[in-house]
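Asks: Protein sequence lines, in the order shown, are assigned to chains X and E.
Under numbering that gives the first Met the number 0, the first residue of the first sequence is numbered 0, with each subsequent residue one higher.
Under numbering that gives the first Met the number 0, the first residue of the second sequence is numbered 0, with each subsequent residue one higher.
For the record, the hints were derived by calculation from the structure and aren't laboratory data.
Hints may contain errors.
[Claimed, not checked] Anything over 10 Å on all C-beta distances counts as not near chain X; from chain E, calculated:
hint, residue
1, A162
2, S187
3, S332
4, F509
5, L553
[As the list claims (entries may be wrong)] Quick list of in silico lysine-lysine cross-link-like pairs, DSSO-like style, CA-CA up to 27 Å:
hint, chain 1, residue 1, chain 2, residue 2
6, E, K70, E, K13
7, E, K72, E, K13
8, X, K87, E, K172
9, X, K147, X, K73
10, X, K91, X, K155
11, X, K143, X, K101
12, E, K172, X, K101
13, X, K91, X, K143
14, X, K91, E, K172
15, X, K101, X, K139
16, X, K143, X, K73
17, X, K71, E, K172
A virtual CB, placed ideally from N, CA and C, is assigned to each residue, including glycine.
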Amino acid sequence: MTMSEEVRLEPILAEFPDAARDALIPILQRVQEAEGYLSEVAIARIGRHLNLPASKVFGVATFYNQFRFLPKGKYHVMICRGTACHVKGSVKLLDVLTRTLKVRPGQTSRDGLFSLEVVACMGACGLAPAMSVNGEVYAKMTPKRIEKVVAECRAKEQA
Amino acid sequence: MLNVEVNDRTIAAKPGETILEVSRRAGFQIPTLCHLEGLSPTGACRICVVEVENAAGLLPACSYPVQDGMKIKTHSAKAVEARRTIVQLLLSNHPDDCLYCSRSGNCDLQQLARDLNVDRRLYRGARSSYPLDVSGAALVRDPGKCILCGKCVRVCEEIQTVAAIDFLHRGSKAVIGTAFDRGLNTSSCVNCGQCVIACPTGALSERSNVQDVLSALADPTKTVVVQHAPAVSVTLAEEFGAKPGRDLDGEMVAALRLMGFARVFDTSFAADLTIMEEASELAHRVATGGTLPMLTSCSPGWIKFVETFYPEFIPNLSTCKSPQQMMGAVIKSFWAERNGLDPRNIVSVSIMPCTAKKFERSRAEMAHDFVPDVDYVLTTREAAQLIRTAGIDILGLQPESADTPFGERSGAGKIFGASGGVMEAAVRTANFLLTGSELSELDIQPLRGLHGAKELRARIGDLEVSAAVVSGLGNARALLDAVKAGQKQLHFIEVMTCPGGCINGGGQPFHTDPMALKARMRALYSIDRSESLRTSHANLSVKRLYDEFLGRPLGERSHHLLHTHYQQRDVLI
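Work the whole structure out from these sequences, hints included.
Replies: In structure tokens form, the structure reads like this:
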């Protein structure tokens with residue numbers, strides 16, 4: 000696994016020959032695009048490519064919300080915390096999600112099934128409060144409906 | 000030349016000088032938190048803001064260059080009130096547990112709060128809470144006490160080029176941490192403790208062993224012995240309010256005895272022993288075509304640095320243990336045997352100017368039959384704490400001498416505490432070993448002083464020796480890169496992890512300024528000059544130890560007890 004990831008990273012890094020520290024964010028974006036997240040192996044390897052310490056690469060990556068450090072779950076849940084959704088009670092929904100999925104934002108459940116991400120606005124304010132699972136948007140969510148959507152995902156896995 | 004007015008006094012200033020530099024020269028103390036002498040300013044904390052006539056707002060003194068005709072008020076009502084607000088805001092997200100904090104009485108934030116008449120918690124709101132990082136063998140991180148000044152990050156990255164820590168996350172979630180926010184133990188941290196010295200609060204500290212040592216002293220089944228490093232006796236006095244550079248060697252020995260240590264040994268004795276082994280090892284490498292340049296191995300932060308960042312240089316490292324570990328090994332072998340003691344019932348304590356020594360003692364190679372050679376390492380600061388706990392007025396004690404058989408030391412062993420000292424001691428002895436005669440002038444001036452990099456070319460017998468001395472790991476990195484690139488042909492390199500050597504170690508008293516550092520260094524060299532015994536090979540106690548126990552330098556017993564090996568470190572770099 001580790002070896003193959005290092006190998007997979009090589010062509011991406013080759014797109015940035017003789018790169019300096021200003022290439023860090025584009026490289027992080029390309030690696031996340033390809034791998035779905037930034038692993039420890041990737042961060043250490045990118046650091047070596049740019050001659051930057053791993054602490055610095057990790058520090059820069061954690062500054063931005065767009066980077067994640069765990070692989071996405073099979074069902075990637077995004078909950079909107081934008082203004083409209085906030086007014087419609089998305090705090091409560093986030094709390095329900097955290098408890099039902101047993102993960103915090105940015106984390107992935109141990110079985111690899113669910114990952115949770117908080118986004119600032121989905122651009123679906125008319126559907127507030129909104130949530131999405133693997134890109135499919137769910138409108139006017141309630142705690143009950145969240146539990147139903149999660150249960151459906153679980154049922155699909157059992158079948 | 001520019002003319003600047005500071006608090007109505009006209010001061011001449013050079014272009015490029017900051018408001019802070021000019022004001023300090025004029026005698027006005029502007030407080031700082033994030034400012035680090037010698038490094039580029041960041042202006043992160045804003046505590047140094049001053050009022051400047053016709054400026055739009057208050058200006059940060061640490062980063063703002065003076066201009067001709069500038070009129071500065073360093074302590075105007077507006078500036079002082081702004082500083083007070085900054086401290087109050089910092090305190091709004093800071094624990095109120097000063098009573099239990101290791102930095103109480105020594106904390107820049109606490110001092111500022113007092114100076115600025117902050118008498119209550121003004122702002123209340125959400126407080127961040129973070130777990131302690133107690134994973135490191137030497138250092139403890141408490142991000143809850145961190146004010147995000149970034150000094151530790153800059154020292155670690157810019158001076159030591161280790162960069163084990165950096166700012167993580169953003170805004171109210173910003174925190175200083177290691178890569179992947181894991182413990183220090185899996186990071187590239189070399190335990191040098193320069194971050195602890197830089198930290199204005201209690202967010203970084205050494206892992207304290209004061210209670211452990213007190214318990215050992217109270218245990219009648221244990222024989223507790225102590226050794227103290229060369230750089231401790233010239234700094235300990237500062238912890239008790241005396242001037243930097245005052246030597247408390249004899250008083251410290253007396254105090255340690257009063258506390259109940261069965262024997263007080265001098266690590267400088269082991270430094271002499273180190274020189275015998277190291278000089279022999281160098282001569283052997285030169286004669287047999289061994290790996291050169293040989294790198295000194297006394298400084299455990301440096302050792303871990305090589306293991307982590309330059310594993311290809313591991314064969315260059317001298318296999319000699321550090322003086323602390325040599326002393327530890329002979330205490331629990333030769334001395335235990337002589338006194339009919341089971342090594343398991345000996346508690347061996349060492350007082351060091353260093354935090355990395357705590358890590359060094361915990362290395363698996365530094366134990367025999369699962370009994371560690373050194374049980375507890377106390378920093379100079381912890382030793383002072385121990386003396387205070389015991390209620391001893393150290394400055395008023397009559398000086399006493401260290402115990403035999405490991406109490407006699409040469410001036411050469413004593414100057415181990417300053418950058419260049421190990422090399423000077425080694426050259427004195429190497430000259431004797433190779434030519435059979437003493438150097439006509441024992442003081443080797445090119446090796447002295449606080450410069451980060453020094454070089455020496457000397458003729459010893461038939462041999463033209465090139466040596467280099469560096470302190471601060473950034474300087475060490477530059478030198479290793481030059482050696483790797485083939486730009487430097489050297490026989491011997493002395494490296495000390497901390498800038499200036501052990502006198503500026505991570506375990507030394509807080510608030511060390513360049514003047515204090517110079518005073519400590521002068522103290523070491525004046526002790527050496529006043530000593531009748533000034534070379535390691537003339538130390539009769541060392542000679543006796545070889546005759547009665549060790550055999551000869553690099554011999555079988557020495558190899559077993561006094562030498563070690565190193566390993567590449569698998570950590571995130």
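Asks: With the threshold set at 27 Å, check whether the alpha-carbon distance from K172 of chain E to K101 of chain X stays at or below it.
Replies: Given pair K172 of chain E, K101 of chain X holds - Cα atoms ~22 Å apart, limit 27 Å.
Asks: When you check the alpha-carbon spacing of K70 of chain E and K13 of chain E, does it fall within 27 Å?
Replies: Between K70 of chain E and K13 of chain E the Cα gap is close to 16 Å, so the pair holds against 27 Å.
Asks: Are the Cα atoms of K91 of chain X and K155 of chain X separated by 27 Å or less?
Replies: holds, 26 Å
Asks: Is the Cα-Cα distance between K91 of chain X and K143 of chain X 27 Å or less?
Replies: With Cα atoms ~11 Å apart, K91 of chain X and K143 of chain X stay inside 27 Å; holds.
Asks: Can the restraint linking K147 of chain X and K73 of chain X be considered satisfied, given a maximum Cα separation of 27 Å?
Replies: The given pair, whose Cα atoms are some 17 Å apart, holds under the 27 Å limit.
Asks: Does K71 of chain X pair with K172 of chain E here, judged by a C-alpha cut-off of 27 Å?
Replies: Distance of about 23 Å is within 27 Å: holds.
Asks: Assess, step by step, whether the Cα of K87 of chain X is no farther than 27 Å from the Cα of K172 of chain E, and give holds or violated.
Replies: At roughly 26 Å apart (the allowed maximum being 27 Å), K172 of chain E and K87 of chain X satisfy the hint.
Asks: K143 of chain X and K101 of chain X: Cα distance at most 27 Å?
Replies: holds, 17 Å
Asks: Can the restraint linking K72 of chain E and K13 of chain E be considered satisfied, given a maximum Cα separation of 27 Å?
Replies: holds, 19 Å
Asks: For the pair we were handed, K143 of chain X and K73 of chain X, check the Cα-Cα distance against 27 Å.
Replies: Roughly 22 Å between the alpha carbons, so the hint for K143 of chain X and K73 of chain X holds.
Asks: Grab the minimum beta-carbon distance between A162 of chain E and chain X and tell me whether it stays above 10 Å.
Replies: Since the minimum Cβ distance to chain X is about 4 Å, A162 of chain E lies within 10 Å and the statement is violated.
Asks: Does the no-contact call for L553 of chain E survive, Cβ to all of chain X over 10 Å?
Replies: holds, 38 Å
Of the numbered hints given earlier, the model fails hints 1, 2; all others are met.
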